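Asks: One letter stands for each residue in the lines below.
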Amino acid sequence: MIADARGVLTGAHFLSGNEATCEGALAAGCRFVAGYPITPSTDIVERIASRFPTLGGTFIQMEDEIASSIAILGAVWAGQKAMTVTSGPGFSLMMEHIGLAAISETPCVIVDVQRGGPSTGLPTLPGQADLMQARWGSHGDYEIIALAPNSPQESFEMTIEAFNLAEQWRVPVFLMADECVGHMVEKVVIPPAEEIEIYPRRYTKQPPDQYMPFRAGADLVPEMARAGQGYNLHVTGLTHDERGYPVINAACQEQLVRRLVDKIRLHADEIVSCEEYGLEDCEIVLVSFGITSRIAFRALQLARKEGLRVGMLRLRTIWPFPETRVRELAQRVGAFVVAEMNLGQMVYEVERCAAGKARTLLAPHAGGTVHSPAQILELIRKAAQ
Amino acid sequence: MTILHPVDTLLRQERMPHIWCPGCGIGTSVNCFARALLQSTLELKQVAIVSGIGCTGRVAGYMHLDSFHTTHGRAIPFATGLKLGNPNLKVVVYSGDGDLISIGGNHFIHAARRNVDLMVVCINNFNYAMTGGQAAPTSPLTSLATTTPYGNYETPFNLPNLAESSGAVYVARWTVFHVRQLVRAYAEALTRKGFVFIEVLAPCPTLYGRRNRLGDAVEMVEQYKASAVIKNGASTREVGLGMTGPIVVGKFVDQPRPTFLEAMHEQMRARLGKKYVPLEMTT
Amino acid sequence: MGKTLHVKEQSSEKEEGASGAPRKARGHVEIDPERCKGCGLCVAFCPQGVLEMDPQFNKKGYHYPVAARAEQCVGCDMCGHYCPDFAIHGVRNADKSNNGEKKAE
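Chains as they are written, first to last, in our numbering: chain E, 14 to 398; chain V, 38 to 320; chain D, 2 to 106.
No wet-lab data here; the hints were simulated from the structure. Note that the structure is a prediction, hence the values are computed from the model and not measured. Where is the CB? At the ideal position from N, CA and C, for every residue including glycine. A couple of the hints might just be wrong.
What the hints assert, rightly or not - As a list, the in silico EDC-like pairs of lysine to aspartate or glutamate whose alpha-carbon atoms are at most 20 Å apart: (1) Lys230/V x Glu303/V; (2) Lys61/D x Glu303/V; (3) Lys312/V x Asp17/E; (4) Lys312/V x Glu236/E; (5) Lys25/D x Glu72/D.
To be verified - To be clear about the criterion: a stretch of chain E counts as covered by chain V if any three or more of its residues have a C-beta under 8 Å from a C-beta of chain V, and this derived list gives those stretches: (6) 76-83; (7) 127-139; (8) 270-282; (9) 326-332; (10) 384-392.
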């Protein structure tokens with residue numbers, strides 16, 4: 014289906030990444046947002062608060078991020094598309110409900126505008142150190158999808174993608190932005206509504222006496238329902254069977270959790286999205302995502318001028334990790350250089366998939382500002398030795 | 038031949054028998070609640086029940102309604118999202134004292150402050166039963182629990198007072214001795230808009246009752262009968278509970294004010310006029 | 002005419018009342034002994050003293066109630082309100098609608 018034109022701000026605008034994220038959510042049909050103020054994400058909900066009332070949306074500033082992260086789940090089961098927005102410390106508070114969203118297969122979008130951490134860290138300055146947390150932050154086994162925009166334009170587009178992926182796979186989907194992308198202002202072109210593809214919620218057409226809320230189809234995703242339709246749904250965070258009823262034993266655990274994980278793992282190749290540059294004949298692969306990818310690209314240009322055969326793999330989806338592509342590349346390149354605004358997170362995934370067939374070097378940064386191209390270039394040179 | 042109990046249609050029969058202990062007050066409270074629902078004019082399809090974690094948290098799983106068993110302490114914010122997401126739903130939060138008031142305390146006071154249209158039922162058995170009988174913020178002074186083996190020295194919350202101070206528009210307390218009044222209170226509460234709070238004292242014979250040598254379920258409920266004093270309209274400041282002393286029950290507050298959504302609509306209309314578009318169903 | 006549905010066959014009609022005339026109970030209880038967990042609340046709070054716990058056990062090892070003085074039952078359904086396990090309820094004989102409940106087939 015196509016986007017509802019009332020939520021689409023068609024035209025060319027100068028928007029920050031955060032403003033564009035808001036517009037992306039509106040274009041995607043999000044009409045419920047629960048949030049709590051936290052720098053550098055607050056401007057997203059401020060714009061939502063201002064835009065929603067003329068578009069049929071409800072925004073509520075909850076008492077904390079714990080409340081925000083579960084209020085959106087309630088709104089989804091009521092029939093809305095819902096989103097919350099936060100940064101590091103709030104993200105940490107949301108972890109329990111990410112697990113609840115995963116086990117209850119509640120489609121929702123969580124935006125983390127990353128800042129320097131850990132703890133209170135650098136509230137007004139960027140970081141990219143929450144990615145492992147997005148993947149593993151809640152307890153237990155589950156899988157999620159995470160996207161990393163590197164511009165306000167991408168913030169708009171990826172927010173819509175996030176909602177679409179959430180509906181398709183019934184998982185919480187993370188938009189892992191950062192303070193740089195969130196606050197930088199660039200041209201954002203918003204197309205007409207007819208050009209925006211929306212993945213509709215996968216509501217069941219079965220009658221209540223036949224519908225099983227957690228019986229999955231061939232793609233391992235069950236059909237959805239909502240409260241108020243006579244389905245007498247039962248949704249629980251306990252391990253449950255196809256009816257949604259708690260079953261506390263190993264057999265049910267295997268059946269449910271295995272499916273939750275396979276739902277994404279077995280379809281990773283469909284979900285993964287990367288941007289590639291110059292990988293056809295390169296010796297070194299520069300791996301990067303988010304704001305760092307823009308500096309990395311500059312470093313790549315400088316490196317090529319020096320005659321170094323370097324290409325770039327920019328991750329748009331950071332989870333699931335593009336294992337297949339990295340394993341492929343590892344067969345024929347000499348080294349990966351991972352540039353990330355942290356002291357080593359994505360690099361472990363690259364190294365794991367390279368499996369010793371290629372070297373893996375890290376261009377780290379503790380956060381607070383972006384790399385300089387020189388910092389990354391230095392690592393590319395090292396990789397070439 | 039199957040013997041049907043009057044509330045059987047509201048129970049998920051395929052999940053019976055429930056896990057609650059013999060004489061557990063939760064069962065009695067659910068019995069009364071189901072009767073009130075059946076008596077009401079509500080369309081049951083539009084009633085949703087949300088629980089947290091604990092013995093009372095299991096209520097959602099046994100009721101044949103749209104039911105949600107959420108995380109510990111967070112039934113109220115989930116219910117807020119559910120209600121705001123579809124204002125046509127009648128949303129009931131049914132949870133225990135530890136869940137609603139300890140870990141859930143912050144959400145409780147804010148939902149009351151906002152006057153979100155939720156009926157919140159707190160089954161108070163004075164301990165955390167599911168996890169083995171630890172002290173709760175409602176445990177009376179000197180009571181014994183696994184985490185207060187030498188007696189509780191923390192002053193407990195006075196729940197009706199907490200609810201009223203936070204802004205609840207309807208506040209009542211009954212015990213599971215008062216089955217008739219409880220059915221009427223539930224029925225009345227179901228018709229009220231805004232943040233409605235009912236505290237129900239319930240025996241936990243297996244843990245709180247046993248540790249504090251209060252006897253079996255019958256003896257504990259007899260004690261409610263002996264100690265209860267019905268004082269409708271009593272000041273909630275004066276209804277605190279102890280190991281001894283009266284149990285003041287009744288309806289204490291019944292004072293409507295605009296709900297969260299009513300206030301929001303009014304404010305938005307005042308500022309935006311015709312441009313205001315209230316929430317629509319979008320999926 | 003109300004049908005008594007006890008597990009133990011027990012007449013709801015007493016041979017003679019105090020005055021010597023036959024008396025019919027105004028109500029009766031319906032009990033599913035297998036649901037019962039033996040808490041005794043129904044026995045304790047029946048205003049008419051109709052119930053006692055049966056010396057027998059159900060499959061789970063709980064004693065369950067039985068109408069020892071069935072003729073006293075007025076069908077007030079207090080037992081039905083107290084029961085945490087939905088194992089018992091009272092039915093008024095005279096009033097066929099009986100609180101809106103569906104009668105068992």
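Asks: Now, for every hint given, state plainly whether the structure supports it.
Replies: Structure-based check of all given hints:
1. The straight-line distance between the Cα atoms of Lys230/V and Glu303/V is roughly 16 Å, inside the 20 Å bound, and the hint therefore holds.
2. Between Lys61/D and Glu303/V, the direct Cα distance comes to roughly 58 Å. Violation of the 20 Å bound is thereby established for this hinted pair.
3. This hinted pair checks out: Lys312/V and Asp17/E have alpha carbons roughly 17 Å apart, not beyond 20 Å.
4. Taken as a hint, the Lys312/V and Glu236/E pair is broken in the structure, with Cα atoms around 36 Å apart against an allowance of 20 Å.
5. Straight-line distance between C-alpha atoms of Lys25/D and Glu72/D comes to about 7 Å, which keeps the hinted pair within the 20 Å bound.
6. Counting residues of the stretch 76-83 of chain E whose CB lies closer than 8 Å to any CB of chain V gives 6, which reaches the minimum of 3, so the coverage claim holds.
7. Residues of the stretch 127-139 of chain E lying with their CB closer than 8 Å to a CB of chain V number 0, which falls below the three-residue condition for coverage.
8. Remark: the stretch 270-282 of chain E is not confirmed as covered by chain V, as 0 of its residues place a Cβ nearer than 8 Å to a Cβ of that chain, below the required three.
9. For the stretch 326-332 of chain E, the stated coverage by chain V is not satisfied: 0 residues place a CB nearer than 8 Å to a CB of that chain, which falls below the threshold of 3.
10. Under a criterion of three residues with beta carbons nearer than 8 Å to beta carbons of chain V, the stated coverage of the stretch 384-392 of chain E fails, only 0 such residues being counted.
Figure legend: structure checked against the earlier numbered hints; hints not met, in rising order: 2, 4, 7, 8, 9 and 10.
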